[in-house]
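Asker: So you can see what is in the structure, the chains are spelled out below.
Number of protein chains: 2
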Amino acid sequence: MATRIKSLDLANTSTAYYAPATIVQGNARLIHVAGQVGTAKDGSVPADYESQIHLALLHLRKIIIAAGAAVQDIAKLTLYIVDYNPSQRKHARPIQRFLKGHRPAITLVPVTQLAIPGLLFEVDAVIACPEVPASLPAPTSQVTSEVFDVAIIGAGLAGLTAAHEVLRAGLTCVILEARDRVGGKTWSQPLSGGQGGVAEMGAAWINDVNQTKMIALARRYNLELIEQNTTGNCVLQSFDGKASTFPYGKLPQFDQVTLEDVARIRDMCEADCQALDPFTPKSTALDAMTFEAYLRTRDASETSLATAAVWTRAMLGVEPSDMSALFFLNYCKSGGGLLQMRSDRKGGGQHLRIRQGTQSIAGALAKDLPAGIVRLNKPVERVVQDGPSYVEAVDTDGATYRVRKVITTVPSPALRHINFTPRLHPAKEAWSQSAGYGFYTKAIVVFKTPFWIAKGFCGLAQSFVGPASVVRDTSSPADDKHALTCFMSGIPGQAWAALPEAERNEQLLKQLGVLYSDQAAVDRNFVEVLKYDWVGDQWAGYGCPCASLPPGVLDTLGSASLREPLGNLHFAGTETAGDWKGYMEGAVRSGERAAKEVISGLSSTMLPHL
Amino acid sequence: MATRIKSLDLANTSTAYYAPATIVQGNARLIHVAGQVGTAKDGSVPADYESQIHLALLHLRKIIIAAGAAVQDIAKLTLYIVDYNPSQRKHARPIQRFLKGHRPAITLVPVTQLAIPGLLFEVDAVIACPEVPASLPAPTSQVTSEVFDVAIIGAGLAGLTAAHEVLRAGLTCVILEARDRVGGKTWSQPLSGGQGGVAEMGAAWINDVNQTKMIALARRYNLELIEQNTTGNCVLQSFDGKASTFPYGKLPQFDQVTLEDVARIRDMCEADCQALDPFTPKSTALDAMTFEAYLRTRDASETSLATAAVWTRAMLGVEPSDMSALFFLNYCKSGGGLLQMRSDRKGGGQHLRIRQGTQSIAGALAKDLPAGIVRLNKPVERVVQDGPSYVEAVDTDGATYRVRKVITTVPSPALRHINFTPRLHPAKEAWSQSAGYGFYTKAIVVFKTPFWIAKGFCGLAQSFVGPASVVRDTSSPADDKHALTCFMSGIPGQAWAALPEAERNEQLLKQLGVLYSDQAAVDRNFVEVLKYDWVGDQWAGYGCPCASLPPGVLDTLGSASLREPLGNLHFAGTETAGDWKGYMEGAVRSGERAAKEVISGLSSTMLPHL
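Respectively, the protein sequence lines represent chains A and B.
Numbering-wise (the UniProt record's numbering), the first sequence opens with residue 1 and increments by one.
Numbering-wise (the UniProt record's numbering), the second sequence opens with residue 1 and increments by one.
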C-alpha cells in the first residue's frame, strides 16, 4: 500500500501552500535529508538568493529520486534563510513551483549565517515513502498484443516525421496518440464566419532561411505562406502604462542612458548565447544562476530587466527568476541567437505564417502514412522493457503493443505521467520533474479591419505592465481576416487569466486601445477573442510552448541527458532538438534524429521487410 | 498497541524537564508539525513573549487533538526564540505546564527574527502516535446493567443538586462518585481535640446576599454561620519582607504614586471585568494575552503587578503569566467583579463560613436522597454513547449503567481521565487539555488563642514574598478553635511545599511572626498545621479550587464550548457556571442548569414514572 503524506488542517489553514501538520500514513521508509544548499556543480555559490534556492531544491529533488520517493512524499521542510526579508518572501514562489500543490509542514527559520560564507538558503526535509517500492507491473504477455518494430508515442510533428523515416527504412510502426487529433502543440482553429482564416492556438511561425525542414514540408504540401508585417511603427507600453512608438528594428524611445543599457544587455545576451554549443551547452557559472541573477550581476537597469522579462514571457511564458541563465541563452542559441529568434523578418523566428494553419502539416503527414499506423485516443499508460530486445507499450484501454523500439515524443513534464519499467534513469526523472512551463496563453483578438495598419502600426507591440506582454499581427489578408495575437504570459498573463471572462476581455481591449492609441477603433472593430488554456492540457504536460529548466539541471545532469536513449527507448520532441528547440523545426529534426537512432540500432539485427 | 514515546536519559539528565533523546516504540504514525506561532484568532500577534508562547502551544495542542494524538506522543520539540535571554528562560514554565511531566527531546534555537515581524516564538514538533487509533470499546450489553434515566458523575454540590432536581421531575438516577465520600472539593476535617471546629481543606465561604442558592441550603439544613472578622488592621508584607498595617477596606501604606497606581490598576480591572458577559465573555484582544501582559501593557508598576499576583495566587493558585487576561477578568465578573469577589464583608466572596463545615451541605443533600442513589468508590472509567437514545457508563469495577442521559460534574482537567466513545468534540478535548490548575494549598495553622485579635489585627494579611500569599482568620469562636488559614499558592507556595515538613512549618510560623509582629505569641500559641495536597488529588484533576485557561482558549474554542451538551452527555461543575464560577454557588447553579437540560431533553420521550 502506498504511503502518502496526509496534510492536516485546522479551521483557517487550508488556503496556505503548506499545511500546519502532516501525517505519515501506513508503513513508511523515513528519509532524513540534511540541509541542502545552493551550490553549483563546481561547489561555487551564486551570489543571489533565488539562484541558490533553485539549486538547493534541485539537490533535494535528486535525493528524493535517488531514494525512490516523490515530492508528494515530503512530510516536512525546514527552510533556513539568511537576511530574511519578510516583506519579500522570495522563497515562496520557487517552493510552490517545486511542490506542485503538495502541502507538507514547513518551518521557516531566519538565521544570520549558514555553514559556509555566502550561503543564503538551506533546506532540510523529512520524507516518508512506501516501505516497499510500488510493485512493478508484470510484463503483459497477452495473445492480443500487436507486434511492430517501432512504437511512437505522440502524433505531433516529431512523431509523424519519425514514422515516415522508420517506414522508409523498411520497418513497421504504430503511432499511439493520446489526443483525438494529430498535431500536438500545433492546433489551428478556423475563425468564425467561414471562408478561411485560422487562429493558431499553438505554434504559428516558420521561416524559409534556416528552418529548412519546415519550409520543405510547407512546399511539399503546397501551403500558402503569409509574411509577417513589419512595415510601420512598433509600440512600447512602459512602466507607467503609457505607449510610445518606434520603427520596427530599432529600440524604443528610451533616454540615452537607458537606450545604451538596453542595447548593451541585448548585445551581451547575444554574444553569450552565440558562444554556446546548441546541442550540448556547458557553463557551470551560467547554469548556477537564474536569468534574472545573470542580468543583475551584469548591472542591468530596471528597463533592461523589464525588456528581458518581455523576452522570456513571450518566448516561454516564464519569469527571468524562474529559469537558468544557461537554459535561456541556449534556447536562444538553438534558434540562431536572441536577435534571430526574436526577429519577424527574413530568417527570423516569426517571419512566415501558413494560411491554412500549421496543423495542416501534421494532417498531411498523417494522411501520407498507410492506414492503421496513427491510432488516436490511445494514451500510453506504461512502457515495460522486459528484455534486451523487446519493449511492451500498454495503452489506457489495456491494449499492448510488443515492439523492438519505442520513440517517445511527449514533452518532458509529461514523461512523469507514463509508468516506465524499469524506472527511467535518475537523470531523466530529475529532468522531467525539474522541467516546468511558465504561464502562456495566446489570446487571438479578431477585428473587422486592420485599423492599426491605417494608423501606421505594423502591429508589433510590447508591454512592461501587461496584461499582454507582446502583441503581433496575425491577419490573413487574403481571407479578409484580421487579428492581433496577444501573448498573455508570465505573472501579468496569469493575473489576467484569473479574472472573470467579461473583465478579461475588457482589460485586454483597453490595453489594445492604449497600444494603438485608438480605443474607439478597437471597440468598433472588435469581433471575438479566441484562446486555449494550455496550462490545463494534460498531454502537453500542462503548458506551452516549451518547458524550461531552473538552475543546475543542464550542468549537473548533462545537457544531453534528456535525449540519450535508454535501452530500446528513444527520446524525441522539440525540447530534445539542438536547432530550433521549442519550435516546429526542432520537433521535425528531433523526429528525424530519433528515427535514425532506431534504424541504426535495429539494422544489426534487422529482419528484412524489404 | 499504544505507541508511546520513551525518554532516554544519560547519567545526569533525568532531572531536566526534557530528555536528551526519545525513542518511538512500536508502530507509529508520524506527525510533522510546521512551526506554530502565537497568533490570535484574528491573526494579530500579542506584543509579549509569554502570551505568544501560550497561543503557539494552543495551536500545537489543537493539531495534536486533530491528529488523534496526545501530548504524551510528542517525540521532539524545536523552539525558535527571538531575542532569547538565557538568564530568564521564560519559555520553560509554560512549556512544562504544557507537557505535564512528559519529557520529549527539545532543541532551543535562538534566532534574530521569525517569518513575520513581531513574532517572538515558534515551535515545531514531531509526534508519534499509534498507527491505528486505540480501538473503541464495544458497547457492553451485559445482563447485569442497571438501568436509570440519568447517571450523574460526581457527588459534589453540582451532582447532588442535579440528582435532587432530576428526582423531583419524576426521573430515576444514580450518582457515581469516585471518592469514598461526598462533597467533592468541599472537605471539612474536624480539628483535633474534639468538641467541634473544622478545618476547611477546600471551599470555605459563602454569603447571604448574592449567593442565594448556598444561603438557602445552609438555612434548609440549619447550619450556623460565622461572619468573617474584618475588625482591626490588615497586614502587607512587601518586597523587602517587612510588614506594615492598614485598616480593612483601605489600601496599604504605599507612597502616593504607588498608591495611585495600585488604585488605578484595581479600578481598571474592575471596569474591564464589569464590561464582560459572565456566561459568554468575548474579546479577542483580552484573550490573546496573559493577565500579566494585560497589566504590563497598561503600565502597571511593580507594586501593582505584585498586588495582582496576590489576587491570582489566592483566588486560583496561578501566576498572572499563566492565564489569559480574559479568563481572569471573566472569572472575577462571575463573582460580581474583582472587588466583590475579594471582599470579606457583606455580599463578598469571603463573608460567611459554616460552623459545621461546608461539607455538611453535601452530606445533608446526600442523606435526603433515597437509598441506593449515591454510589461511593465508583470511578467512571468510560462513557459510551452507542445510539441516539442510550448511554452506557462503565465504572472501574466493570459494572455498567444503561441510561438515557449522563451529567458529568468532573472538573475539566479530569475529563481526560474518562474514556468517551465517541471521543469528545475536539473543542472540549482542547479545553480539557488546556485547562490547568495552579499550585494551591491551604495551610490551616491552629492556635490556642487568637493572639492577633488582641494585637488589633483582623487576621487578613497579604504578602509579596510568601511563602503564604494571603492569610485569613478562620476561627470558630463558639468552639474555642482559633486558626489562620494560609494560602500557599503560586510560585512561593510551590517552593514552600517542596521543603521538608519541619522546615515548612518553621518558615510559615516565621512569616506569621513577621506579619503579626509577635514571633513569641505565634510560637507560644501554635497547636498544629493542617493541609491537604490538592495537587495530588486525581478526582479533582490534580488541583484546586478551579482550573484556569491560558490565552486563546475562550476566544478560539468559544466560551460556552465546555458546557454545551454533546448528544446525551451534559456538562456541569462550578467551572461551567456563569455566576460564581469556581465557588460552591456556581457548582449548585451548574447542577440545576444541567438537570434542566436533561429534564427538558427527556420530557418529549419521557415515560411517566409519576
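These aren't lab readings, by the way, just hints derived from the structure by calculation.
Some clues are possibly wrong.
Since copy identity is lost for identical chains, a pair holds within one copy or between any two.
What the hints assert, rightly or not - Here are the computed lysine to any residue pairs in the SDA-like style, where the Cα-Cα straight-line distance is at most 20 angstroms:
| no. | residue 1 | residue 2 |
| --- | --- | --- |
| 1 | K510 | E146 |
| 2 | K367 | F464 |
| 3 | K100 | D386 |
| 4 | K90 | A67 |
| 5 | K346 | E146 |
| 6 | K100 | G232 |
| 7 | K41 | L8 |
| 8 | K90 | Q274 |
| 9 | K41 | R89 |
| 10 | K6 | G68 |
| 11 | K41 | A16 |
Asker: Would you mind marking each hint as holding or not holding in the structure?
Answerer: Hints, verified against the model:
no. : hint        : result
1   : K510 - E146 : neither (56 angstroms within a copy, 80 angstroms between copies)
2   : K367 - F464 : neither (44 angstroms within a copy, 87 angstroms between copies)
3   : K100 - D386 : neither (32 angstroms within a copy, 43 angstroms between copies)
4   : K90 - A67   : neither (28 angstroms within a copy, 31 angstroms between copies)
5   : K346 - E146 : neither (47 angstroms within a copy, 97 angstroms between copies)
6   : K100 - G232 : neither (43 angstroms within a copy, 75 angstroms between copies)
7   : K41 - L8    : between (37 angstroms within a copy, 19 angstroms between copies)
8   : K90 - Q274  : neither (31 angstroms within a copy, 48 angstroms between copies)
9   : K41 - R89   : neither (26 angstroms within a copy, 23 angstroms between copies)
10  : K6 - G68    : both (19 angstroms within a copy, 13 angstroms between copies)
11  : K41 - A16   : between (33 angstroms within a copy, 16 angstroms between copies)
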